[in-house]
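*Asks:* If you want the building blocks of each chain, they are given just below.
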Amino acid sequence: MIVHTDNLTKRYGAFTALDGCSLAVPQGEIFGLLGPNGAGKTTLLRLLLGFIRPTAGKATVAGFDCVHDSLAVRASTAYLPGEARLFRRMNGHQTLDFFSGLRRECRRDRATAVARRLDLDCSRQVARMSTGMRQKLALAVVLATDAALTILDEPTANLDPTARAEVLDLVREARAAGRTVIFSSHVLSEVESTCDRVAIVRAGRLVHEQSIADLRRSHRITARLTGSLGRIPVELEPHATLAEHANGTVVIESSDSLAPLLGWLSTLPLEEVQIEPVGLGGVYERFHGRTGALVAE
Amino acid sequence: MFNTAIWKKTWGDQRVLVLSLVALWTTFPWIYIWLSSQIPMPVFQDVLLRAIPQDWQRLSGVPFTEVATHAGRVALAFVDPVIVLAATVWGITRGSDAVSGQLERGTLEMVLAQPVRRSAVFVTQALATTAAAALLCCVLFAAVFTAVSLGPWAGKVDAVRFVPPACNVFGLMVCMAGIAACVSAADSYRWRTIGILCGFYVFSILTKLVGRLSSSLGWVGYLSILNAYEPQRLVGDPATAWPLLASYDGVLLGLGLAAYALGAVLFSQRDLPAPL
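Protein chains in written order, with our numbering: chain G, 1 to 297; chain D, 1001 to 1276.
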């Protein structure tokens, strides 16, 4: 595991920003971190980098303790903050030179190549760059390294659709090169299309963790019956859950192959049936929707 | 403990301020000495020794008889607000930028995400600031030296006597920068750091004045760092000027370095808030 946290907690007085977070991220995975503003995602990332000290618990990155070996942790990590702010008096080239000087394995030629892929004009002064251009410049700094772990906090914020797609390609390339990426975002479609696994954070707690492969096998079946439903067969019970049943309409959630379930459904007195993937939005809604609070409790 | 990239960046950050002070301190001694020379020495002596109450001598820190010389009059340039305020503003500006300034701008986040120790960032910035202060004091001395040697009072004053006052200015700059950096290391807002330092400076002026003017509250003067900034007392006999400078700069540099050391510890230990 390249990232391992054990009961990681951060409190500011009476306010608990992160509460007993235990997490393990294997090497070579793109790990999505989801949650609304203030849920504790950035606190978790800042604890990993040693910017803040945990109130309780422990975290390691690449085997190094995040508090006591922070320098080694940061040598193994490239980090893009949620709102990356760079030196306004420098231009793009000077910024890349500066960060190449701070990190030996940050290759200047690669940074230039990333900037070029993102269609960034590096000759412009940072103060005269748009928010999106600054984000591209910060991405060029971060994605030019060979760090074992890359942490991206809302990497596609402020970017145009072309640059967004390019960034997601760069993230996938990082995974292909054996690097691990923690990808924090509010854009569910990006997370779903890019990540291997996701975790959902709510009010400082890690409330759900799921692989995207499992998610893709999850479906919601909404059926209208003319007769009674009966019991879900025992052999299907581990992977099928009756979510709703009212006024002749049933909603069944399936977490595995649909074939056996469809076989059973075909024996029921169906009037109409609708099958749709649950999708990350459905899972997220479960924890952060209007009824999310009840579900998470 | 030293980082070349941070060193270069800090010089870039302070470039405009350094160049402005170089311009100011290069021209100021020339203007000051030329303006002073417009008042003939007998007139100046007459005003100083007869018209001003002798009790006010306590404020000057040196007897009026010493002020009423060419060397004494040039030495007054070092207590002129152009020098004192510029040195103080330098210290507060550079010191306050060390941590809280960068936290406020949000630029510290990307720097500290790199494999560089916080102490290395802090110490390297302190070294660059101190080196620039030394450079500025060299510029100031060079300007005084040339203005004295080539100006209207050429041949009347030994220009080398102004080395100790220039060193005293250096001590003040390092002291103010160190204290400002220490406060900055514990703070998250630059405006608040600057406010605290301005309050501290006003406190130093007031305690120095109270200490000078009141016989019973003379001890209050020791609460002021400006008690160790007396360049006008350092242009006399070199045999006394250098030991006096050692005691003054010993206090100022000692305080400055202690503040830098404390600031480095505070910065290394503290939680860094997310960009504001």
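It is worth saying that the hints were derived from the structure and are not from the lab.
There's no promise every hint is true.
To spell it out: a stretch of chain G is covered by chain D in this simulated footprint if at least three of its residues, at any positions, have a beta carbon under 8 Å from a beta carbon of chain D; those stretches are [stated by the list, open to error]:
id, segment
1, 89-103
2, 164-177
3, 268-282
Derived pair list, reagent style SDA-like, types lysine to any residue, alpha-carbon separation capped at 20 Å [as the list claims (entries may be wrong)]:
id, chain 1, residue 1, chain 2, residue 2
4, D, Lys1008, G, Asp97
5, D, Lys1008, G, Val283
6, G, Lys58, G, Phe87
7, D, Lys1008, G, Thr222
8, G, Lys58, D, Gln1269
9, G, Lys58, D, Arg1270
10, G, Lys58, G, Met1
11, D, Lys1008, G, Val126
12, D, Lys1008, G, Glu276
13, G, Lys58, D, Lys1008
14, D, Lys1008, G, Met1
15, D, Lys1008, G, Phe87
16, G, Lys58, D, Asp1271
17, D, Lys1008, G, Arg89
18, D, Lys1008, G, Ala17
C-beta: ideal position from N, C-alpha, C; glycine also.
*Asks:* Which of the listed hints are not met by the structure?
*Replies:* 2, 3, 5, 6, 7, 12, 13, 14 and 18
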